[in-house]
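Participant: Chain residues, written in single-letter form:
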Amino acid sequence: MEKFGKLTTDFDHNIKWFEDIFTDCMDVIKREFPVGEEPLSRVYTIYVDSMANQEFLSVHVVQNLMLRIRERDLSLTIPTKNNHEVLKDVGITTPDISESDSLDDLITFILSGDAVVLIEGRPKGIIVAARGFPNRGINQADTEVVVQGSKEAFSEVIRFNTCLIRRRIRDTSLKVKQSRVGRRSQTDVALMYIEGIVRPQILADVEGRLKNIDIDGILDSGYIEQLIEDDWKSPFPQCQMTERPDTASAAILEGRIVIIVDNSPFVLIVPTTINAFFQSVEDYSQRFEIMSFTRTLRFIGGFLAVSLPALYIVVATHHPSMLPMFLMLNFAGASQGVPLPAALELIVMDLAFEMLKEAGIRLPGAMGGAIGLVGGLIMGQAAVEAGLISPIVVIIIAATSIAGFAIPHTSLVNGFRLVKYLLIILSAAFGLFGFWLGAILIIIHLASLKSFGIPYLFPFAAGEVTGNKDYMDSLFRPPLFMMKKRPIFANPKNQTRINMPKVGNRHEVE
Amino acid sequence: MFSFNDKISLRQFQMLLMLYIFGTGVIILPRKAAAFAGRDGWIAFILTIALAVFAVFIITSLVRRFPEKSFYEYAGDIITKPIAFVLTGGLIVKTIVGLACELRLFTEIVKHILLQNTPYTVVALSLLLVSAYAAAKGIETKARTAQIIVWIIFIPLTFVFIVVGTDVDFTELLPVLQIEAAQIATGAYHMLFAFSGIEFILLMSPYLNKHKHISKRAVTAILAIGIFMCIGIIIATARFGAVNLTNQNWPILEMMDATPMPGSFIERQEAVMMSFWILSVFAMISAGLFFSTVAAKSVLKVGKHKYYLIVVGIMAFALSLFLNDMDLVYEIMDMNFLYLGTAYMLVLPAILLILAKIRRLSNEKTY
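Protein chains in written order, with the numbering used here: chain A, 1 to 510; chain B, 511 to 877.
One thing to keep in mind: the hints can contain errors.
[What the hints assert, rightly or not] Lysine-lysine pairs mimicking BS3-like chemistry, simulated, CA-CA at most 30 Å apart:
| id | chain 1 | residue 1 | chain 2 | residue 2 |
| --- | --- | --- | --- | --- |
| 1 | B | K816 | A | K493 |
| 2 | A | K233 | B | K517 |
| 3 | A | K211 | B | K647 |
| 4 | B | K517 | A | K485 |
| 5 | A | K485 | B | K720 |
| 6 | B | K814 | B | K591 |
These are calculated hints, taken from the structure and not from any lab test.
Turn these sequences into a full structure, and let the hints guide you.
Facilitator: As structure tokens, then:
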């Protein structure tokens, strides 16, 4: 619904309206000037300083209208076109322009970094795409580092981000549907997908959920994630986040939808499954044998990240007789003199480690490293030597963290970090029985989750929906040529990914 | 596509069925087999499998005729609503009694092996609450949970059976067929209790997304689990001998404890075995809670099934408190099976199927 109405043919009235609405907005540049030697008309330009590219505007708009138009013989064009059309055609020398008579639209474009040109007597404003705000360009990925593969990462500029994907998928079916979300922030949000590969129901669902958002401002893609996910109570992520254009492009080729939010270097990928969080784009650029091994390691890492501390509690406090005698004595010897019960000791140590991690992230690079060194090594050793904690607990906590780091997507690890405490508490209370109760609770919760209609535990549960073919790319990474079909996310009518009767040396066929 | 439609696939149906059955009898089945048929217990159990397959065939043939209807609805169509009301009530009672017995039996074993000092109520309630949580989440979640749990149970157990199987004296099984046929037949009938859970198929029909191959899938599940349990009986008999086996309370657990695992650094392996059993008992109790509430709701047709869950849970728990003697638990389990179990597994489905055929009542789907 329009708030401000439309432009009129009264030029002075239009100017006054813009002057009023942008009162006390010193960053908005407004200028009215005559055009032509014997003024043909008056023109009014308006844009936000530094958000619009001033140099571009001066070359393609202002210089033309102020100076060059005087140098041309307009008598040939004026009889066939009116003044307004002449000024638009001759005075604005950039292809990316549009027009609107809606004041709401014009304001949104101005605040998004475009410039608006009003011509006297014309009830439409010309929107000149001149966005040129400062940005940090294309940097390297920080959180999803790979050994082999592109080093590019998304940035805060939505158009750069769509461009990074477009460069990888040069297909006219790759669509970019853009809208604005946030009553005040009017943040640009783009959906990217391949028409024909995406499931129409999921696309409609995503669009519906985005349309449903009513919030004053969207400052990051994380806002969108939390407002469109299926189960807000769950600690597990139901949208995948990435800063890598190749990961996003691969997801689009699988039939998934990428949501790009202006001002955020992280894009969202929907739908997702827990399996997707164990996959890295690098898996597909290296040989399948080593990547299958790595994939399996990640799953083991996931299991350990959740359960290792709890299993330690089980054997250390409730069922030490489950261990062989030498190991039991070892555990008992290490814990001798430690004042805290094993469960509390473990929780305290784990919280200390979490705090160290948090401190290391917030502090600048070199200091972050120093915190790790001082906290992890020096304080850890001192605590052990002082008899406050047992060395085995330090090993358990360190091993748990390392196991978590093996998973490529931190958002899943964040979920694991929380549910781990549930297992610890239940194991401390009920031993092995408690551990399994906790494990069952977690499995039930995961089994109840869906991401845009896709079961979260797919393909480990409900894998039969796609004839169990998605199992192939889960615990192991099959050879690339075997991955002939797209995963469950893709439209069933367009499943073929690889269409090669024979790979490698074609002469073998003969 | 995967909307919240409360439907499960036939594969999920199979997994659920396997879990429901496995939780019931695996721990005590070898002892029962030895008690009824001595060293020929496994032969008697093969007959039991055949009986169970027959029962499943009857039940699935019945439910296939009424794909979208609850037990109360199709039984009402066949033999009038009042009788259907009584039958549904009986099924609910049978399920709740079974739940209470399983809860007591399981909790006592957990207390004996893992948590000697923890009060009964704490262990039983915690298991009941977790099972109720699963039941409250609905059949889709239960089915997906089953698809995960089934691997956690059966892969390690298969490994255990293989290892234990290499360390037993199979001559304990010889000579075969030394027991009278009548005794074997009686044993086969009594061991049908191990397949308690197949009567839930009577209630599962409205939740299936396809019905065409339901008989085939159900029979496959029964055969798979039956063969697994039969191997358990064979190994346990070979391990302990038929006479000793009758004196073992929980032979499968004892067997685990007595056999060293190669390369394993875990002592007290029966505790590990308990882990698998915790999972299967959870599946069974949650199934009992779910289906008894579903049956109750299909009759009363008011409120959410979560409210019924609270009532059924409290009833099962309260009943289990009275079963404070294990002999009493076994006695009630036997009675529950003999009087209600066989009725709902064999007799009533057969009668309902015959009447439905005579009256030509069917909404059978071709998919």
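Participant: So, for every hint listed, does it hold in this structure?
Facilitator: Do the hints match the structure? See the list:
| no. | hint | in the structure |
| --- | --- | --- |
| 1 | B:K816 to A:K493 | violated, 39 Å |
| 2 | A:K233 to B:K517 | holds, 24 Å |
| 3 | A:K211 to B:K647 | holds, 29 Å |
| 4 | B:K517 to A:K485 | holds, 26 Å |
| 5 | A:K485 to B:K720 | holds, 25 Å |
| 6 | B:K814 to B:K591 | holds, 22 Å |
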